[in-house]
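Engineer: The lines below spell out each chain.
There are 2 protein chains.
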Amino acid sequence: MIVLKLKSITISLLLNVFTILLVFNVQAQNHPKLNLTKAGVAKIRAELGKVPLFDASLAVIKEEVDAEIALGIFVPIPKDFSGGYTHERHKRNFLILQKAGVLFQILEDEKYAIYIRDMFMAYAELYPKLPVHPQERSYARGKLFWQCLNDSNWLVYTSQAYDCIYDWLSKKERKHLEKKLFIPFANFISEGNPQFFNRVHNHSTWGNVAVGMIALVMDNDDLLQKALYGLKTDNLEVGMKDNDGGFIKVEGQKVGFFANLDEPFSPDGYYTEGPYYQRYAMYPFLIFAQALQNVKPEFKIFEYKDSVLLKSVTTLINLSDSDGNFFPINDGQKGMSYYSRELVTALDIAYLFGGENPELLSIAEKQGKVTVDDAGLEVALGLKEGKALPFIKKSLELTDGPKGDQGGLAIIRKDGLELVFKYAAQGLSHGHYDKLSYSLYTNGNELVQDYGLARFVNIEQKGGGNYLKENTTWAKQTIAHNTLVQDETSHFKGEYEIGSQFASKKYFLDISNPNIQIASAKEINAYKGTELHRTMAMIKDESLTYPYVLDIMRVTSDSVHQYDLPFYYLGQLMQTNFKYNSPKVLQQLGEKNGYQHLFEEGKAKISQENSTLNWMSNDKFYTLTAITAENDEIIFTRIGANDPEFNLRRDPGMIIRKKGVKDALFVSIIEPHGTYSPVSEFAVNAYSAIDKMTVLLNDEAYTVIEIRFKNETSKVIAIANLDNSENSKHKLTIADTIYQWSGPYYSK
Amino acid sequence: MIVLKLKSITISLLLNVFTILLVFNVQAQNHPKLNLTKAGVAKIRAELGKVPLFDASLAVIKEEVDAEIALGIFVPIPKDFSGGYTHERHKRNFLILQKAGVLFQILEDEKYAIYIRDMFMAYAELYPKLPVHPQERSYARGKLFWQCLNDSNWLVYTSQAYDCIYDWLSKKERKHLEKKLFIPFANFISEGNPQFFNRVHNHSTWGNVAVGMIALVMDNDDLLQKALYGLKTDNLEVGMKDNDGGFIKVEGQKVGFFANLDEPFSPDGYYTEGPYYQRYAMYPFLIFAQALQNVKPEFKIFEYKDSVLLKSVTTLINLSDSDGNFFPINDGQKGMSYYSRELVTALDIAYLFGGENPELLSIAEKQGKVTVDDAGLEVALGLKEGKALPFIKKSLELTDGPKGDQGGLAIIRKDGLELVFKYAAQGLSHGHYDKLSYSLYTNGNELVQDYGLARFVNIEQKGGGNYLKENTTWAKQTIAHNTLVQDETSHFKGEYEIGSQFASKKYFLDISNPNIQIASAKEINAYKGTELHRTMAMIKDESLTYPYVLDIMRVTSDSVHQYDLPFYYLGQLMQTNFKYNSPKVLQQLGEKNGYQHLFEEGKAKISQENSTLNWMSNDKFYTLTAITAENDEIIFTRIGANDPEFNLRRDPGMIIRKKGVKDALFVSIIEPHGTYSPVSEFAVNAYSAIDKMTVLLNDEAYTVIEIRFKNETSKVIAIANLDNSENSKHKLTIADTIYQWSGPYYSK
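In order, the protein sequences belong to chains A and B.
For the record, in the first sequence the residue sitting at position 465 is 465 according to the UniProt record's numbering, with numbers rising by one throughout.
For the record, in the second sequence the residue sitting at position 11 is 11 according to the UniProt record's numbering, with numbers rising by one throughout.
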């Protein structure tokens, strides 16, 4: 790799590099070697002042580190949760140390090395005296932080700083630091916490990588083996769980870095916990892969599992809306995006080690910064040379599961409208009970929301910045999502042990025609004896301005139930075509499984065939048109009941309820149709374009829906419910009209 | 004026202009003369293709008008409320007609004249047959629209179109149009509706201007006299009210355009209804002033009342937040801004006729368009020539009342924080009962909100786009505002007849020191026997990053009452320093006067001396610290009770309540102090900088507050409650400390 890079620089520079290498080799010095390399540093020094984005990124970290050096060194006795002083101080320390290391290498100013050494010495003084952290919430308490996870963050970053000053330190200093700090630190988060280290989880990825990074710096093969393959013995019981309710050990579980690559990543590079955690895990995955590639190229880590690490970066970008914010599926905090520092690192590394994909450059350009290392330099050079191509996010499917056979996610895009349809696996301990749920975005704005997590990450005022109990009682529950709830009970009874065993099954997917992109999936395990079959299509009709989303949720069961289909629209209700009662007093909708967090703001007994909800969101008009039947109920809800700490957002929702039936068919269309300007005060196309929706047929084998529009066009969509073969031929006669097609669906 | 303009253009152009003038004079043609002039048109034609912003603005209207011409002419029989088809169609017609007139003049393409003539002919055919509009809600129903107001809009715009094709039409055509359409139209909205025309109100401004504009085109002095001075007899009873509850006639009321300039505008150019309506009225005021200046320069309209019309434009810009959105005081719809078409026109006219203030150019640049007429050309030329200077919004006071003696508005700005403190008059029928209320903005975002109106302007789904009943039952009530409510009753019992008689009184104002800007006002009529005295200061301490707002509301009464001080923060509650009860069931807080629209979400009995509310809004942290006393109550509220149509926003609030007392002192600080990034997940300065606030003294003569900060600095603010003279000397001894100062307040 390095030789290839060198081709592009000048001969004089080459000579220069070799001279430097020579000098260093004479002294048998071979650091840095992880994320900065000696050749990389030489190239960076040669390009300094010539590559705008790199220079700007360097200036930013220089200013930041210089300011911290001016403030002095603070290594307080650990005490606080995240958001509190000691937590934030130690976090800041490791981030600054890593940057100081880079600055030392690039700028050759000893003050950075001194700062790192002195800080390390302070840690080496403190660490041996530390008991486990006083906060008791974690299943794996750290020493510097309340959980080993954060201790591992610390070591991942500080290993890089150590690598940068390794050769500058005296042998005695190195010995001291390794004996007092690095080796005990690595031992504590591995042997000392097998319940943390020997798992398949983003926690253990950080743990494995922390140990692996320091192993590579110190050339410690024992630690490296643990990092890669886990602890040989751990005495953990199968079925143990952590404080988030996630499994610690399951039968036959492989462990270590490779296992954490094998298990949570699907062949498409989708990480089963979801994009928020994938982003979090990207940093250790990529930073360690880069280090491993540089130090132990024989592992060919970037080719591992069909290059899954490289794929995962593109996948993650595809898991973001038009503004770059990740879809907040499972425990995802809204607002996290590809602008995060983890994604800057991951993207730069993927660019350097993944064949320099020019589409990544346009994302780097938006990020507006690069990592200050070998990878960042290449990205900045690529941009300087005008190589960037737009990263165009298309519709795609991402399979879930190590082998890609545990359902997946369909992301369907058209004209700024983005539908995220989830039929994936549980997603480890950060998964929500939301089989066949969906969320919808328009131009980067949430329109039909996934609630995301109930947590304010690192905001100490809110439960120490940790998961709030409403994450379990609300955010994970099925009713918090846009999917079907039977008898006010969550999927798999909300039990992780059950949910972890099953994934939904894709029934069919066709995104080949931009005017009808359609995905269909089935879920047979969420409720015993009940099958859920949902088909979602994004349709663009020539005669309409905007695409719309058709949603067909078909439920069949062996017994009688109540079915609720919630719809969490964001915005202000404008109008309904039905009457409803409005209670003077707001009461909770139910007793448990999330229902206790919903207020009932209105209820309608339905008598009309189509029920509509017209609303405005971000100055645009939308309508939900649902096919309803006599005895259906529509309930308006507001999140926030039994929420004394104001941990939840007071967002609206609407539930369509069908009671006392075995089977049910929910059909609706979500339709953007108009705009409002508060400046011109013009309302354009404030009403739905739909005249009438009808179920033409719904039996075991077929579901056929007709949509008639006010402009006198119409559309018929048919689903073959039992046969998803692409080649099967179907023929139906309904009211003298013959419908003939092949494949699982018909549309005309 | 025109001669001055001509100086800057070339000699050849001058000759050209005179030639054109000559040709026209020979034919005794003298139109257009209102907003386009013959000389202006000549200059525009000469500059075409050379002035980017003008050319762009012209291209936009050309595209718009051409598209409408392609669609054809639609003059439907009036039927709908605003938001409905016939309303929006007739509205679109008058906007397009005005633009088509301009295009005809500039581009000399007859198709525009033909379009206007044909449309006018269709109206001349329809109008004589029309009864009053079928919608019965208005006190002054129009014929084309549900209210005369919109009919007047129509005539203001179409007069301009008529002016543009006047000379092109045959005498016979003109006679026909005037007889069938324009004269009956002008008569209907004047003589036909004296209750509309003979008022002081934005409605009658539109009415007066409509009649005045068509009078100027037709050179009809009778109509012009009515426009300027109103109808001589109207047979209206004193005390009559319109459907919004506003007075139609008050004793001794002058009427007509000049009266509408005299009365609602203060000498500072503040329009008593508030900026939303000022913006609405700006168009007719300025467009007619321009026409009058061009046709009847002897009126010297722009010099009238110390150039109040020119001042009002700058005032209106100052009444907007950092993003240009108007503060939504009184009946203001949020989102209305200086980007509105009315402000583009007003600003361009003010630039041309007001000495070409270069600061206006920078606003025009943000607007990104100019009016396509004489004024717009000058603005675009000014920008092209690089004359623009930044418009820097400073702190300022705007007096209210025709003579500036009816209280006012203090707008205090510092480092992106903007405080709007209102101690103005009632504001005619669009006023709210909110004496001494305030709202607060940070960098263009609402932080402590004024609710604004309860209406969705032109959105038909919401009550035909008209005022909703919640505007009266909620938005106008005192409890909907950040000011004091006595005994759950609105100021002046919520009665317009009483409220209209009084204004608050400024007590003192000092904005000379950027580190403490302070305003103080008293209200003695809102509640009989009770005096409210509020002092608000924006303070920037050197040792703190952000400025903060100190709020001292002092209440003294001759009898025992309950006092509520609401605080409508926007964002999510993070933490309080007190315990409160959270009801499982949400009930309305009270029975009437707006209280019936609040749910009680929590209640605390206070036992601590300082009560704090820490919240997050737009990724920034804020704290309200209030001095509280035993027996105080704090109530958390949520807007939305008794709101079956979902007409209100479900926003949070907090009320500090003091019960069973004659006098009360509410002291609090609102303090921005930190930030959160959902991308880096760093929370910086999440907690208040305040350690303790204390009342050192509160008696008839003085109120003294001490604020101690965690950084061990402190501050003392004293207010002389009885003597606001700037020269009086004061001396106080409190706990051995001597405070000596002159003027109404002390700060150190």
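For the record, the hints were derived by calculation from the structure and aren't laboratory data.
Quick caveat, the model's predicted, so the values are computed rather than measured.
There could be a bad hint or two in this list.
Same chains, same label: a pair holds when it works inside one copy or across any pair of copies.
What the hints assert, rightly or not - Lysine to aspartate or glutamate pairs mimicking EDC-like chemistry, simulated, CA-CA at most 20 Å apart:
1. 692 / 365
2. 659 / 591
3. 605 / 645
4. 129 / 167
5. 305 / 700
6. 584 / 645
7. 662 / 633
8. 731 / 700
9. 584 / 651
10. 522 / 397
11. 603 / 645
12. 662 / 191
13. 469 / 591
14. 620 / 645
15. 254 / 108
16. 311 / 706
17. 620 / 88
18. 579 / 645
19. 387 / 356
20. 38 / 108
Engineer: The structure should be examined with respect to each hint, and the outcome stated for every one.
Structural biologist: Cross-check of the supplied hints:
| no. | hint | verdict |
| --- | --- | --- |
| 1 | 692 / 365 | neither (47 Å within a copy, 47 Å between copies) |
| 2 | 659 / 591 | within (18 Å within a copy, 36 Å between copies) |
| 3 | 605 / 645 | between (34 Å within a copy, 17 Å between copies) |
| 4 | 129 / 167 | neither (28 Å within a copy, 97 Å between copies) |
| 5 | 305 / 700 | neither (41 Å within a copy, 81 Å between copies) |
| 6 | 584 / 645 | between (23 Å within a copy, 13 Å between copies) |
| 7 | 662 / 633 | within (16 Å within a copy, 52 Å between copies) |
| 8 | 731 / 700 | within (15 Å within a copy, 91 Å between copies) |
| 9 | 584 / 651 | both (19 Å within a copy, 18 Å between copies) |
| 10 | 522 / 397 | within (16 Å within a copy, 65 Å between copies) |
| 11 | 603 / 645 | between (27 Å within a copy, 12 Å between copies) |
| 12 | 662 / 191 | neither (53 Å within a copy, 70 Å between copies) |
| 13 | 469 / 591 | within (16 Å within a copy, 35 Å between copies) |
| 14 | 620 / 645 | between (32 Å within a copy, 19 Å between copies) |
| 15 | 254 / 108 | neither (43 Å within a copy, 82 Å between copies) |
| 16 | 311 / 706 | neither (40 Å within a copy, 60 Å between copies) |
| 17 | 620 / 88 | between (41 Å within a copy, 18 Å between copies) |
| 18 | 579 / 645 | between (34 Å within a copy, 10 Å between copies) |
| 19 | 387 / 356 | within (10 Å within a copy, 47 Å between copies) |
| 20 | 38 / 108 | within (13 Å within a copy, 73 Å between copies) |
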